[in-house]
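Undergrad: Between the sequences and the hints, there should be enough to build the whole structure, so can you do that?
Residue numbers (our numbering), protein chains in the order written: chain V, 10 to 428; chain C, 953 to 1023.
If you are wondering where the hints come from, they were derived from the structure by calculation, not from laboratory data.
A few of these clues could be false.
[Said to hold, decoys possible] Computed list of lysine-lysine pairs in DSS-like fashion (alpha-carbon distance at most 30 Å, straight line):
#, chain 1, residue 1, chain 2, residue 2
1, V, K365, C, K994
2, V, K373, C, K964
3, V, K357, C, K993
4, C, K964, V, K36
5, C, K1017, V, K344
6, V, K344, C, K961
7, V, K256, C, K976
8, C, K994, V, K280
9, V, K256, C, K961
10, V, K83, V, K357
Spelled out from the first residue to the last, the chains are:
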Amino acid sequence: MQGLRPQELAEIIAIDRKKCKGCDACKAFCPTDAVTGKYGAVHRVDGERCLFCGQCLVNCPFGAPQDTVDIVDKVIARLKDGRTTVVAAIAPAVRVAVGEEFGLEPGALVTGQLLGALQTAGFKILDTNFAADLCIMEEGSELITKIRHYALGEAAGHAPGPLPQFTSCCPAWVRYAELYCPQLLPHMSSAKSPLMMAGALAKTYGATEVWRTNPENVFVVGVMPCTAKKFEASRPEFASAAAYWHKRGSAGSYPDVDVVLTTRDLARLLKKLNINLTAAAEFSDADNPLARYSGAGTIFGNTGGVMEAALRTAHFVITGQELAALELNPVRGLKGVKAAGVTLRDAKTGREITVKVAVVHGIKENLGPIVDEVVAGRSPYHFIEVMNCPGGCVNGGGQPINPMGTSWLDKYKAILPWS
Amino acid sequence: TDLVQDRTKYIKLRAAGLYRDDAKAAARQSHNNAAVGEMYKKFAGKPLSPLAEELFHTRYVDRSKLGGMRS
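TA: Here it is as structure tokens:
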């Protein structure tokens, strides 16, 4: 199969032939025209083109597209084997959606109960929000290096990658760029996604400093609003912890993130274990530093959130002062493409720079013109955030499906948030 | 009808939940997450250090050039 490497998952989303009515609703949401089949006939997903984003799955009025990677029982077995340190890395957007699976309102923020329920199930916690903060430190430092070099004229040891810099947190966007716009790859931030950082950290620092166990006994479970994260975890380069220990004399071979559960998978796991999220004891692991996160880390789950978090830190690093108003309203909300400029005075040189940023969500509808500008060499931006799913991870393909929450009876175009 | 709701409503409610989480956080900037600072101090050094590059950074693959490896 083209476009995939041998170790990588080749199929995550598949359409159930018995449920598909051939209504074409999925095609309106597929960012890469990966769904084939005539109107009225059973459709299928082309795995070579598919980003595994799951937008077809959460928007199908008949529930025909399925997530075929079911590892709930495998995770339960590891929880019960008594030997494994099973670490849950929970994405921001899970905490405002998993409640829906237990009868709560959409948007109910259940961090305390969610972490408590995971603890009851036997998980250790590494909040992916912590890793999102880490991601800002890495990705933000990379951006600041580029801005200092290209815009403020500061000499660098070697020329950093080109501006604009693109975010690299969204695995569907990364796969899109790799498949369809490889000329953009030098512009991608080299920072791993928060989950992949979490995996590498759990099996190094987490194992030695926090859980005090052999890294080979650590089993990292990403808990994600996303089906594409299942693909990301299977990418062969994400075995940094094993490489780290290899250099230090251990021969083990294992991925940084062992498996990924979607928000839906997690709800099924908790129900199988008879754990009711709404009745769960609040999380109590106050001395676990890997469960701590900032407000900037948590907004990663929204479109514009990575950008807002990055600018809060870039402002501090460049000017030496905290941003006075932390809410960056121009990058919030559901407009398809959002742009903003923030003027900063460099504390080192006294020079001023207006950092120009753009935020894109919904690759299918909104990405094209932004990419064309970059390829033509006339993009006005320094930093561009891209998330595949409309609205960002809160609307990811691994999130709960409320059967009333979407409809093909309505004009389905009208439920795209920017239309 | 109740059966035909707007998915955008769900997106907005979930997004608002995350903005509430941000507003009530003790620290609201990543550089003020003391646990991250502690990790750098004890382990990774500083952002973009050789160890940070090794564990927290990656490379990308031009998939348009990948042939039919599986088939």
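Undergrad: Determine which of the earlier numbered hints do not hold for this structure and return their numbers in increasing order.
TA: 1, 5, 7, 8, 9, 10
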